[in-house]
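S.K.: One-letter residues, chain by chain:
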Amino acid sequence: MSKKVISPGQDIVASMVPEFKKRLQEVIIEEGITELDIDLTGVEMVDSVGLGAFIATHNTLSQKNGKLTVINASNDIYSLFKTMRLDQHFEINQG
Amino acid sequence: MLIDSETTDIYIQETNQALADIEQTLITIENMGANIDMSLAKRVYHAMHVIRSGASLLSLPKIKELSQKIENVLGLICTNRLTPNPEVINILLQGIDRLYLLIDRIHSNDDMDIDEQSVLLTGLTSAVLPDHIKQSVTEVRDIPLPDGKHVFRIPEFNLIQVLEQNKYIYILILDLIKDVQEKKKTPFNFVHYIQQHGQIIDSLFDIQTIGTLEEQELNSEEMPYFVLLASTLSENQLTKSLNLQPHQMKQVKIEISDLIHSKTKQLQQELTSSISTKSRKADNKNRIAFLNDLFCELKFSTDCLSNDASSMGIARVQSALDKLKYFLRRENNVLANRILWKIGRNIRDHAYQSNIQVKFDIECGTIKMDQRVLYRMIEPLTDIIIKMIRCVQKNMALQVCLKMTKNEETIKISVFFANPELLTQEMRLPLDEEEKKFHALSAEIEQSFDIKAGLNILIRIPKNVFIIPGFLIRIDAHQYIVPKVNVIECLTNLNPLKCSKVDSSIVFNHNDNCIRLVGIANNDLAYYQQKHTIIVCEVGNKCFGLVSDSLTIVEIDAVYQPLGKQLDANPLIIANCLLDDGQIAFVLDMGYLANI
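Chain order of the listed sequences is A and B. Following our numbering, the numbering of the first sequence begins with 1 at its first residue and continues without gaps. Following our numbering, the numbering of the second sequence begins with 1 at its first residue and continues without gaps.
Chain A extracted, bound-state conformation:
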């Protein structure tokens, strides 16, 4: 099992998601990472497209028996993920 932490360091919104997803694909598909932590330090907002990126990453990792963990989520993002029951799919830790 190989593990990596990705820190986008900015809001995960439609304008940055294509680049972010490309980076995620590189890490999972090319580098073969199966345990991925996405560090949300400095992330204050996630829009719908951003949420889609998290779910797609989870789905991609699940196919490879991998695991996604979201770390350092702000109170708002933590609460959003919880309300949307995303914690039933992957682990979410508050900052």
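Example chain B residues on the side facing chain A (calculated, C-beta under 7 Å, incomplete): (1) I177; (2) V191; (3) S203; (4) L204; (5) M223.
If you anchor each label on the Cβ, the simulated ranges turn out as follows: (6) A:V5 with B:P155: 35 to 43 Å; (7) A:N65 with B:T28: 56 to 64 Å; (8) A:R85 with B:P146: 14 to 22 Å; (9) A:N65 with B:P155: 26 to 34 Å; (10) B:Q357 with A:N65: 50 to 58 Å; (11) A:G32 with B:H107: 37 to 45 Å.
If you are wondering where the hints come from, they were derived from the structure by calculation, not from laboratory data. In this text the structure is predicted, and so the values were computed from the model without any measurement. Ideal Cβ positions, reconstructed from N, Cα and C, are used throughout, including at glycine.
Based on the hints, put chain B in the right spot on chain A.
M.R.: Then chain B, alone, in the frame of chain A:
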């Protein structure tokens, strides 16, 4: 949406005020007993609902969760399904105390747990329910989604609660791209907007449709998201308010029709009746069956013992006694919190009377203790805490914590200030009286002080104590305990003339029966004629009257302590016990007395 600190500060201020009102109203409700003023109960319920909604809006998950659980219990009170007796009110007050602490620490990100309060509140919710509803707490209802692929799985009890609040249940069929992103909304705002129109019971994403990172590159983005919402609004009102198309909303009816029609009706019928006694009857039946088994085993083993006093025979009796000991321990042991909560009430009352601000936090976890010991700890623990409070200046807001931990043999109780900096200099409390009371329970008490941790009172109490229910009497200059099991009757205000000497025995004439009298020191008639009381005892097949100087007989649950070497040789006594005032009482060996 980020909540600014000003909004949070207003929430803190308003919630603290609301909690203070709720606290006082709950005490008023408790004092009303069964004749509760429903308007008061509903006021408290709505105040708690406002706190929960605020927590939801401000993304305060623990405050939201705890206030939801308190709200559930208050809902039961409002619908007459739960009588707000002192125990219920106390559990609510404990929840409120924890809410105060959570509110205090909103900014500190302190991860304070709410497990203990949650367990008590949830226990209350399910414990008071009639059997068929009790099941609903664990029974799960499937609510399939219109896509035919997914299902919401919801505890039936949650659905019943929602239905009882006259809410409708809807499935919202959403797409986060079309309904949120393209309308220039954020998911956070959107979800909170939905929450302003109802209660989100559950929600789920169709994660298969969303696909993997590679699939998303090929397909147009789609993010199906389903919400199970409870709302008082009609379908039309809700569609309009949430700006949705009619096909995006489906009212849940058929899937829960039995809950709407049958269970709620059944529930209402049972509301007025008492809690089902079925389970209690079953429990009693099991107890009696177990005692019957033990009786048989003791009978057979003692019968065998009279023929063959081998080590095997003794081991058999011992094994039956061990089972009996285990049974009694299980019967007498209760969760410490179920009894020690009264300390919180005492402290609260003291705070009101003294016009001081004190919060009391009690953490007992799942520790169980003999309830007779727990009851006897309430008074000395309350006194210790009041003495601690008095050490600090009156105008300071205090928080006193009581924490219980255990290891294999001992239970430790720590009492300390959550804000130790209040005491700037070392101090020692005069705890002589409390010490005596704890010694009577075989417990040790010690106090320590250091600048960082502050004042700490530590009580170590054995996990299992042997309690002898008996009568405390005075004979000559000493105090003795007569085990209750040997006592048939207590005769007081004696007429000394009724004592007489027959052969070598002194007897007392009572209702035309002669009772042979036994004293522990002397056997002349004058000695017996001075005594005030006779305790009529039975040991085996022998009956006798034990004479005592006590004018009144006190019933006592004494904690057994083995005799020291010096007393071990005294055939009159079998154990000793410390009393609450620090004096010693000896447990009489009734077998020896019977043979005098």
